[in-house]
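Full structure from sequences and hints, please.
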Amino acid sequence: MKKSTKGAIAAGGAAVLLLGGAGSLAYWTSSANVAGGNISSGHLSIDDTTAGTCANAAWKIDSAETPAGATFDPATQKLVPGDTITKVCSFKVSAVGTHLRATAAVTGGSTTATWFNTTGSKLHDDTTNADLTSSSVITAANNNDVITGTIVVNFPYGDATTVSTNTTQDQTAVLNALAVTLTQVHS
Amino acid sequence: MSPHAPRHRAATRRRLPRAAVGAVVATVAVVLLVGGNGSLAFWRSARSMSGASPASGSLALTPNPGCTSWTFTQTGGPSAWSGTAYPATTTTTAGTRYVEPNDTLSATCTYTLKAVGTHLRGSFTLVQPSGAPSGATATATYTVGGAAQTTFTAADNGKAVVATLTLALPSTTTSSQGASFTLSGASISARQVHA
Chain A
205 MKKSTKGAIA
215 AGGAAVLLLG
225 GAGSLAYWTS
235 SANVAGGNIS
245 SGHLSIDDTT
255 AGTCANAAWK
265 IDSAETPAGA
275 TFDPATQKLV
285 PGDTITKVCS
295 FKVSAVGTHL
305 RATAAVTGGS
315 TTATWFNTTG
325 SKLHDDTTNA
335 DLTSSSVITA
345 ANNNDVITGT
355 IVVNFPYGDA
365 TTVSTNTTQD
375 QTAVLNALAV
385 TLTQVHS
Chain B
4 MSPHAPRHRA
14 ATRRRLPRAA
24 VGAVVATVAV
34 VLLVGGNGSL
44 AFWRSARSMS
54 GASPASGSLA
64 LTPNPGCTSW
74 TFTQTGGPSA
84 WSGTAYPATT
94 TTTAGTRYVE
104 PNDTLSATCT
114 YTLKAVGTHL
124 RGSFTLVQPS
134 GAPSGATATA
144 TYTVGGAAQT
154 TFTAADNGKA
164 VVATLTLALP
174 STTTSSQGAS
184 FTLSGASISA
194 RQVHA
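These protein sequence lines are chains A and B, in that order. Take the first sequence: its position 81, counted from the start at 1, is 285 in the numbering used here, and no numbers get skipped. Take the second sequence: its position 90, counted from the start at 1, is 93 in the numbering used here, and no numbers get skipped.
Incorrect hints may have been included.
[To be verified] Here are the simulated lysine-lysine pairs, DSBU-like style, with alpha carbons at most 35 Å apart:
{"#": "1", "chain 1": "A", "residue 1": "K296", "chain 2": "B", "residue 2": "K117"}
{"#": "2", "chain 1": "A", "residue 1": "K326", "chain 2": "A", "residue 2": "K264"}
{"#": "3", "chain 1": "A", "residue 1": "K326", "chain 2": "A", "residue 2": "K296"}
{"#": "4", "chain 1": "B", "residue 1": "K117", "chain 2": "A", "residue 2": "K264"}
{"#": "5", "chain 1": "A", "residue 1": "K296", "chain 2": "A", "residue 2": "K264"}
[Claimed, not checked] Simulated DEER-style distance windows between Cβ atoms:
{"#": "6", "chain 1": "B", "residue 1": "S126", "chain 2": "A", "residue 2": "S267", "range": "51 to 61 Å"}
{"#": "7", "chain 1": "B", "residue 1": "G148", "chain 2": "A", "residue 2": "T270", "range": "17 to 27 Å"}
{"#": "8", "chain 1": "B", "residue 1": "S72", "chain 2": "A", "residue 2": "D277", "range": "21 to 31 Å"}
{"#": "9", "chain 1": "B", "residue 1": "S56", "chain 2": "A", "residue 2": "A268", "range": "20 to 30 Å"}
[To be verified] Now the stretches of chain A that chain B is said to cover, found in silico as 3 or more residues with beta-carbon under 8 Å:
{"#": "10", "stretch": "280-291"}
{"#": "11", "stretch": "337-345"}
Hints were generated in silico from the structure; no laboratory data involved. If you're wondering where the values come from, they're calculated on a predicted model, not measured in any experiment. Each residue gets a CB set at the ideal place from its N, CA and C atoms; glycine is no exception.
Below you can see the structure in the form of structure tokens.
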């Protein structure tokens, strides 16, 4: 046998030995499926259901004077002391989720005016017939509830000490938009 | 050992060690978990309730031209003041004649009414002059746009308001003989009301 042939055989043997040694790298695995499933998240939203949208809803003036309870156009008509004008908007709540809990709030409505105020503005849940305050809670039970938002602009009549506040005449002031907000909370 | 063996071992060493493979898997898992941070959000839904630009109206009486001088009407004849003859009934300007009991002084004031506001409503009142003789009280009547009325609304905006002031001297006084008086401060007030 040639020397080179011996070398080839030796090399082949070595390769077999090495390959055989690969068995020590094996490991065993076994797995079983754990069934998953569909997991769905809920939702929280408030939608403007005012006829013609809240932005276009008409203002109404108080009924204490004539014309009583009439439509009031702030762009062309003027307020006098003692007047109250209101605008009513409707919203619908969509609240889905086992643990859904939310607060409702009216924010905004800032104004530079000193001659009127908006302190009477409020939210009312028509479905449950309850006013919504900062401590009220919206849950999934309130899904599809109708909420009424009322903006109240009050121009208070003078009293004995402000009998003639003529500085409030011929004033125009911007009342910025208010926002009704539902915010989800979780402990 | 075969001289060719090192070549095979070199090929084996090109594999990543199992520990390194595990580290890579762990890193990928950590990245996935970090990507799950979106679950920290909370929900909020808001809708706008648009505001407005409310404007206030106004109320003013602007003299046009204002008030006349006081005139007085003498009732004539012998008065409670005996022994002095006064002219017969006549109207003249105060200050050039003497008044006597039961005489009437009057003045006319004309204004332009500014009354703006959907619910504007109010009435006129007379602010009594100072300096009048004791027992003499002024009264006033009003016309708005020619019609007698003591109240007004925004419908009367721009109309002329004429107030006729009357100051009747008492007929029985005896304490103001030889006195003079100056009427001042009489004015007409328009006041807005709201139920």
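Hints and how they fare:
1. Using a Cα cut-off of 35 Å, the hinted pair A:K296 and B:K117 is violated, with the two alpha carbons roughly 46 Å apart.
2. For the suggested pair A:K326 and A:K264, the alpha carbons sit about 16 Å apart, so the restraint of at most 35 Å is met.
3. At most 35 Å may separate the alpha-carbon atoms for a hinted pair to count; A:K326 and A:K296 meet this at roughly 16 Å.
4. Note on B:K117 and A:K264: the hinted pairing holds, with a Cα-Cα distance of about 24 Å set against a maximum of 35 Å.
5. As the CA atoms of A:K296 and A:K264 are separated by approximately 22 Å, the hinted pair is consistent with the 35 Å bound.
6. Between B:S126 and A:S267 the CB atoms are about 21 Å apart, so this pair departs from the stated range of 51 to 61 Å.
7. The hinted window of 17 to 27 Å between B:G148 and A:T270 holds, with their beta carbons roughly 19 Å apart.
8. At about 46 Å, the beta-carbon gap between B:S72 and A:D277 misses the expected band of 21 to 31 Å.
9. In this structure the supplied range 20 to 30 Å holds for B:S56 paired with A:A268, their Cβ-Cβ distance being about 23 Å.
10. Three residues within the 8 Å Cβ limit are the bar, and the stretch 280-291 of chain A against chain B gives 9, so the coverage statement holds.
11. With 0 residues bearing a CB less than 8 Å from a CB of chain B, the stretch 337-345 of chain A misses the requirement of three and the coverage assertion fails.
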